[in-house]
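Protein sequences appear in the order of chains F and C. Position 164, counted from 1, in the first sequence is what our numbering calls 155; the numbers after and before it change by one each time, with no gaps. Position 227, counted from 1, in the second sequence is what our numbering calls 218; the numbers after and before it change by one each time, with no gaps.
Check each hint, because a few of them may be wrong.
Note that identical chains are pooled: a pair holds if it fits in a single copy or bridges any two copies.
Pairs of lysine-lysine, DSS-like flavour, derived with a Cα cap of 30 Å [stated by the list, open to error]:
(1) K33 - K3
(2) K346 - K269
(3) K315 - K135
(4) K(-1) - K93
(5) K3 - K93
(6) K269 - K297
(7) K164 - K(-1)
(8) K135 - K(-1)
(9) K341 - K315
(10) K269 - K3
Hints listed in this document are in silico derivations from the structure and should not be mistaken for laboratory results. Source: prediction; values computed, not measured.
There are 2 protein chains.
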Amino acid sequence: MSTYAWEKNVRKVTPYTPGEQPKLLSMIKLNTNENPYPPSPKVAKVLREFSADTLRLYPDPSVSDLTQALAGYYGVDSNEVFVGVGSDDVLAMAFLTFFNGKDPILFPDITYSFYDVWADLYGIPYETQALREDFSIRREDYFKKNGGIIFPNPNAPTGVAEDLSLIEEILKKNPESVVIIDEAYVDFGTPSAVSLIPRYDNLLVVQTMSKSRAMAGMRIGYAMGQPALIEALNNVKYAFNSYTMSRTAIAAGVAAVEDASYFEEICHKIVSTREHVKKELSALGFRFPDSRSNFLFVTHPDIAAKDLFAMLRQENIIVRYFDKPRIDDYLRITIGADEEMEALLSFLRKVCMKKEGI
Amino acid sequence: MSTYAWEKNVRKVTPYTPGEQPKLLSMIKLNTNENPYPPSPKVAKVLREFSADTLRLYPDPSVSDLTQALAGYYGVDSNEVFVGVGSDDVLAMAFLTFFNGKDPILFPDITYSFYDVWADLYGIPYETQALREDFSIRREDYFKKNGGIIFPNPNAPTGVAEDLSLIEEILKKNPESVVIIDEAYVDFGTPSAVSLIPRYDNLLVVQTMSKSRAMAGMRIGYAMGQPALIEALNNVKYAFNSYTMSRTAIAAGVAAVEDASYFEEICHKIVSTREHVKKELSALGFRFPDSRSNFLFVTHPDIAAKDLFAMLRQENIIVRYFDKPRIDDYLRITIGADEEMEALLSFLRKVCMKKEGI
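Chain F on its own, in the form it takes in the complex (with noise of 0.2 Å):
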């Protein structure tokens, strides 16, 4: 672009590359932790029967019928609730809205990769904290003076949970930065820090309906917090888009929530496959820490995790490779439906077999 006139008044930055999405279905897509199931039947009657008509007018720009369901879910109040387009939008608008200090916010190395991509967005100073050789956080690094705290949990891409008591440990120590846990796949096995609510003015949870509600092609997150917190994110949402969500995500969002059965079931479904990919993993050789979330995080010692990506590849099952240190020799497999992972285990069981010669 250094031919254009125009271009020294233009943000540079370095983009997120999303995970691929082929176009292709015959693909085994296990890369962007995606829900191997559909949304819940609710959400199918909810658009079947939608009123295309609506569609002229406005939304309703505080999405409450979408907050009160949340709420009443969570057990907060609707005014603790807030809803975006995605937990990446939550996100943004969280990191716009209270990471506006001197101090540099403080995040793990091995982590969600958006987080610096957002910090460079806005020019926000921060500094990595590096895991633990396990993945496990060190709380100690999270006491010191920063300008705010975020982490997901359980963690990204490793899928490793962190207890309350740490969670908690580190909103104590910094009651003046607001603490934000990104809670993407916490539906899979991790206890949610949504009850430290109440006791934490400074605590903000980001949760989101791509994973364990399915509905990643409707573009739903949300936060929870106390309500000075939300007013004060609601306010930067205010001026940047006051109408984020549109009708149809309302609708198929309240109805997702509100089946709450269904979304005990597949979660559980997802739970139950990872505990027996694990199983199998292990016989393998392969070697992970214990996700708690809907994907897991391998190695093996005799084969490059590189070579392995371009062998799924090949088999038309596509996994997440990160060719960043500490973790290049990893693959970041999402947890799908059996059958998949039946596939993916068949396979890597002739690779195994290959590489033992026999």
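Starting from the structure of chain F, add chain C where the hints point.
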């Protein structure tokens, strides 16, 4: 919020106040420039037949189906189209992307009230330029040093349209600035600046499906410009939220663009109604600039706008009043369906007769 320790790191904003969105369906809603007609029947069909199961997967981050449909309709290349969550989202991204210089950006003193909100949100310096008494733009005001230029055409809330020759002269005088023409209301009788795109690498044209395509509730806006501009915008978008457009929004957007004849039909109906309402309002003594949009910006020599606003509210007719310098004696009235405008006119006739003591 002054009691919270974390407050010092929080961004302070004066949020934009969106027009009232009453839930009462019995009201005559002429306050947010929505379309009185439903979206294309093809949109209803697409939603009815939408496969909810596909929602488990992320949407296409490049939104290629919709950018291609728009490119086809407007006769540009698909790498010359950017899509976002309503034109507010597109404009918010464009401010963040293109208005990153040190010199103030320029826009009219009377204009869309979100421009100064975005400038404040991102800390962009700006200087408003006074419109003439007849609400037209003085082109020389935009020949000074600046970090970017934006104005709606036709302007809001005045409805005044500028000639493309004025836009072209501003583009020529400002090769170092991105010039954004906000065409939210262009389809109601204003020539579009899209025709200038091949000749000016600094022109970004922003449009929306909220008004002329009757889909305010679906949240779809788009920008058109030369590939380098669109690439810069996409880079910032990918650094903010990779997946902004839901699968339902993409499907509905494609259907709406493809039904060109329905689109033209409803635009034509609204323009006819507007021209009729102009005559009737003139006869009642109202004055207004010659609107080329789907609203009229009216004042009356004998009735204060604020009082009339309150009287209409009593009658369940909602219009928009801006308590701002130079326009605090005007009302912005959306062009609704014929029967809605008849109800409005009939009430205004009564008010005017009473005023004349008849």
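Structure-based check of each hint:
no.	hint	verdict
1	K33 - K3	neither (43 Å within a copy, 40 Å between copies)
2	K346 - K269	within (20 Å within a copy, 82 Å between copies)
3	K315 - K135	within (26 Å within a copy, 47 Å between copies)
4	K(-1) - K93	both (25 Å within a copy, 10 Å between copies)
5	K3 - K93	both (21 Å within a copy, 15 Å between copies)
6	K269 - K297	within (20 Å within a copy, 69 Å between copies)
7	K164 - K(-1)	between (42 Å within a copy, 17 Å between copies)
8	K135 - K(-1)	between (37 Å within a copy, 17 Å between copies)
9	K341 - K315	within (28 Å within a copy, 73 Å between copies)
10	K269 - K3	neither (42 Å within a copy, 47 Å between copies)
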